[in-house]
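Protein chains: 2
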Amino acid sequence: MGGDTAPESEVAGAVHASRMLAARNVEHTIELVGDRTRISAALQRTSDPPSTITITDASDVVTMHDDPASVVRTKPDSSLIKGLEVLRSGNADAFISAGNTGAVLSAATLLLGRIRGVARPTIGAFFPTAGSRPCLVLDVGANAEVKPQFLYEFAVMGSLYAELVGGIERPRVGLLNIGEEPTKGTDVVRQAHQLLARNGVNFIGNVEGRDIFGGKADVVVCDGFTGNVVLKFAESIMPMLKAVLLRYSERSLLSKLAVALVAPVLRRMLADFDYQKYGGVPLLGVRGIVIIGHGKSTPLAIANMIIRAWEMHRIRLNERIEESLASAHSSPTLEQA
Amino acid sequence: MGGDTAPESEVAGAVHASRMLAARNVEHTIELVGDRTRISAALQRTSDPPSTITITDASDVVTMHDDPASVVRTKPDSSLIKGLEVLRSGNADAFISAGNTGAVLSAATLLLGRIRGVARPTIGAFFPTAGSRPCLVLDVGANAEVKPQFLYEFAVMGSLYAELVGGIERPRVGLLNIGEEPTKGTDVVRQAHQLLARNGVNFIGNVEGRDIFGGKADVVVCDGFTGNVVLKFAESIMPMLKAVLLRYSERSLLSKLAVALVAPVLRRMLADFDYQKYGGVPLLGVRGIVIIGHGKSTPLAIANMIIRAWEMHRIRLNERIEESLASAHSSPTLEQA
Chain W
0 MGGDTAPESE
10 VAGAVHASRM
20 LAARNVEHTI
30 ELVGDRTRIS
40 AALQRTSDPP
50 STITITDASD
60 VVTMHDDPAS
70 VVRTKPDSSL
80 IKGLEVLRSG
90 NADAFISAGN
100 TGAVLSAATL
110 LLGRIRGVAR
120 PTIGAFFPTA
130 GSRPCLVLDV
140 GANAEVKPQF
150 LYEFAVMGSL
160 YAELVGGIER
170 PRVGLLNIGE
180 EPTKGTDVVR
190 QAHQLLARNG
200 VNFIGNVEGR
210 DIFGGKADVV
220 VCDGFTGNVV
230 LKFAESIMPM
240 LKAVLLRYSE
250 RSLLSKLAVA
260 LVAPVLRRML
270 ADFDYQKYGG
280 VPLLGVRGIV
290 IIGHGKSTPL
300 AIANMIIRAW
310 EMHRIRLNER
320 IEESLASAHS
330 SPTLEQA
Chain P
0 MGGDTAPESE
10 VAGAVHASRM
20 LAARNVEHTI
30 ELVGDRTRIS
40 AALQRTSDPP
50 STITITDASD
60 VVTMHDDPAS
70 VVRTKPDSSL
80 IKGLEVLRSG
90 NADAFISAGN
100 TGAVLSAATL
110 LLGRIRGVAR
120 PTIGAFFPTA
130 GSRPCLVLDV
140 GANAEVKPQF
150 LYEFAVMGSL
160 YAELVGGIER
170 PRVGLLNIGE
180 EPTKGTDVVR
190 QAHQLLARNG
200 VNFIGNVEGR
210 DIFGGKADVV
220 VCDGFTGNVV
230 LKFAESIMPM
240 LKAVLLRYSE
250 RSLLSKLAVA
260 LVAPVLRRML
270 ADFDYQKYGG
280 VPLLGVRGIV
290 IIGHGKSTPL
300 AIANMIIRAW
310 EMHRIRLNER
320 IEESLASAHS
330 SPTLEQA
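Quick mapping for you: the protein sequence lines, in order, are chains W and P. Last residue of the first sequence: number 336 in numbering that gives the first Met the number 0, and the count goes up by one each step with no gaps. Last residue of the second sequence: number 336 in numbering that gives the first Met the number 0, and the count goes up by one each step with no gaps.
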């Protein structure tokens with residue numbers, strides 16, 4: 000109910016996802032948590048709503064203005080909290096939301112707890128690249144300050160996600176830094192470099208700001224301060240280009256024509272920042288499958304998120320993360336950090 | 000001598016700058032420090048070289064591969080060190096270089112010392128914005144780790160630079176953060192927010208990654224890790240657009256035409272990252288006027304750097320920085336940090 004167009008987009012997306020799963024012969028139930036009356040009405044408006052969709056009533060809504068840290072206490076009857084409780088109780092295998100990102104992060108961490116071996120859950124974001132596949136950058140805001148160990152865990156989780164969900168063999172993991180040499184950067188980053196070089200992931204070394212778009216790595220790990228700044232900076236490229244191209248198009252009919260032709264190309268390229276294409280971003284490290292979508296998620300985005308959540312459950316992503324961190328922790332080299 | 004096209008670009012730029020200064024009736028001498036034979040030859044190739052240009056011989060060169068921290072010790076006869084010594088001895092009012100940025104930073108800090116009240120010298124970079132004027136972001140790499148006090152000093156120095164050199168009245172100073180609320184971000188950033196809110200500069204509060212291109216502030220302060228990552232990320236936008244547009248232009252004659260028309264516009268927009276337009280970036284906080292240009296600086300860029308250096312000297316930028324920090328330090332609020 001916390002999405003910008005809830006519950007219409009959520010309902011339409013669930014119906015779409017249910018049909019996609021049925022077409023693959025996947026047994027499933029999609030439980031819509033929220034205002035029963037409004038959800039029922041939206042469901043009735045779709046032609047032939049699938050019987051696999053059920054409703055759990057929730058009388059309250061977490062808005063984008065609610066303080067993320069306190070919603071568990073202040074809004075226990077919200078669709079967000081009720082939905083996470085269904086997941087916690089074992090009556091669901093995965094949870095998705097297009098609501099308040101910070102609130103989902105905070106409530107999910109509090110209610111579900113962390114995967115064994117994970118110090119800090121993380122949220123990543125997909126960046127388009129000059130290559131053929133996107134780059135997963137994490138963390139992008141969940142952890143403004145990090146320890147070397149956190150960065151190492153982000154790398155393990157991001158790498159497993161890219162491999163098992165993204166289908167990338169031996170994903171290349173880079174550590175975001177201000178130079179290629181292992182001695183560059185802050186103390187935290189230098190120590191993280193040593194951890195990454197010795198353990199578990201396909202570590203390609205430090206990468207720099209230019210290497211994200213450059214497609215040098217499949218997974219880039221960084222503190223949530225830097226990641227958040229770069230993500231929001233990247234999201235401002237399209238508006239910036241728009242402003243420049245608009246000024247240019249006003250100069251002549253020819254320039255107007257050129258802009259009209261090229262604008263859709265640029266828009267498509269930068270649409271890769273859109274959550275729609277990738278079906279939201281995973282909240283990695285909590286004990287349960289959780290996907291967070293943009294507030295403006297369309298029905299297609301919602302459907303993609305549901306399918307993605309199902310995949311994450313099917314491949315046992317969280318169990319794999321736990322196993323991977325357990326074997327890393329039992330290796331003596333990690334103890335030095 | 001450390002620039003990519005030295006000494007040709009440097010000599011041509013000096014000749015150009017000398018003529019510009021003469022046209023403004025500015026009494027001046029431009030001292031070229033480096034290989035006397037090669038500089039003389041380059042000067043002879045220009046028609047009617049001005050008598051205001053002199054040469055100081057230097058037999059060695061700091062290259063882009065030299066370790067910045069050790070050039071003072073390892074290359075005492077380089078044009079970089081000899082040039083800085085002319086500045087230190089009081090026989091010059093300003094120093095410019097298109098050589099190794101890290102080496103200039105390190106050698107200038109060591110040889111010249113810091114302005115009284117400045118804990119850490121800083122290098123900024125100009126970003127284009129959707130508005131009419133660029134945004135000065137600092138630090139972009141000189142200080143990977145910062146204290147609140149450093150960020151405050153960056154703000155004072157950047158603000159005075161934007162006002163006195165950029166001609167911007169009451170420059171808007173923003174603190175780069177991951178949210179607008181003063182409670183957001185790391186401890187360092189939160190403390191810096193308090194310092195900035197109480198002292199001296201026209202502080203508009205936190206700004207986010209999107210606000211750099213958005214033109215919300217004239218000066219944005221941040222740690223050198225984040226600033227460096229964002230700068231290099233920004234520099235990768237044009238190559239990324241190029242790759243996308245190239246793929247698109249191969250699709251049809253019409254798309255090839257559209258790209259041919261729009262590409263120069265995009266290039267011009269992103270050329271604002273180019274040092275040429277702004278004539279290098281100032282190294283702020285050292286006891287002496289120092290400007291650092293790109294290794295690829297053209298004669299025009301060199302000339303702009305010389306004129307800019309003259310302006311910085313004329314308006315007594317460093318004295319103003321010292322005065323401003325002295326009055327801030329004597330205010331009781333700063334002591335709390």
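Be aware that one or more of the hints could be misleading.
Remember, identical chains collapse to one label, so a pair may be satisfied in a single copy or spanning two.
Claimed, not checked - In silico BS3-like pairs for lysine-lysine, Cα to Cα no more than 25 Å straight-line:
{"id": "1", "residue 1": "Lys241", "residue 2": "Lys215"}
{"id": "2", "residue 1": "Lys183", "residue 2": "Lys215"}
{"id": "3", "residue 1": "Lys81", "residue 2": "Lys295"}
{"id": "4", "residue 1": "Lys255", "residue 2": "Lys241"}
{"id": "5", "residue 1": "Lys241", "residue 2": "Lys183"}
{"id": "6", "residue 1": "Lys183", "residue 2": "Lys146"}
{"id": "7", "residue 1": "Lys255", "residue 2": "Lys183"}
{"id": "8", "residue 1": "Lys81", "residue 2": "Lys241"}
{"id": "9", "residue 1": "Lys295", "residue 2": "Lys241"}
{"id": "10", "residue 1": "Lys81", "residue 2": "Lys146"}
{"id": "11", "residue 1": "Lys255", "residue 2": "Lys146"}
{"id": "12", "residue 1": "Lys215", "residue 2": "Lys81"}
The hints are simulated quantities; they were obtained by calculation from the structure and are not laboratory data.
Each hint tested on the structure:
1. Lys241 x Lys215: between (27 Å within a copy, 17 Å between copies)
2. Lys183 x Lys215: within (18 Å within a copy, 31 Å between copies)
3. Lys81 x Lys295: Within one copy, since 22 Å is at most 25 Å while 60 Å is not.
4. Lys255 x Lys241: The answer is both: 13 Å in one copy and 20 Å across copies each meet 25 Å.
5. Lys241 x Lys183: For Lys241 and Lys183, neither the intra-copy (36 Å) nor the inter-copy (30 Å) Cα distance is at most 25 Å.
6. Lys183 x Lys146: both (16 Å within a copy, 18 Å between copies)
7. Lys255 x Lys183: neither (46 Å within a copy, 42 Å between copies)
8. Lys81 x Lys241: Intra 41 Å, inter 47 Å, cutoff 25 Å: neither.
9. Lys295 x Lys241: For Lys295 and Lys241, the Cα distance is within 25 Å only inside one copy (20 Å; across copies 29 Å).
10. Lys81 x Lys146: neither (33 Å within a copy, 43 Å between copies)
11. Lys255 x Lys146: neither (51 Å within a copy, 49 Å between copies)
12. Lys215 x Lys81: Intra 41 Å, inter 40 Å, cutoff 25 Å: neither.
Going through the hint list in order, the structure does not satisfy hints 5, 7, 8, 10, 11, 12.
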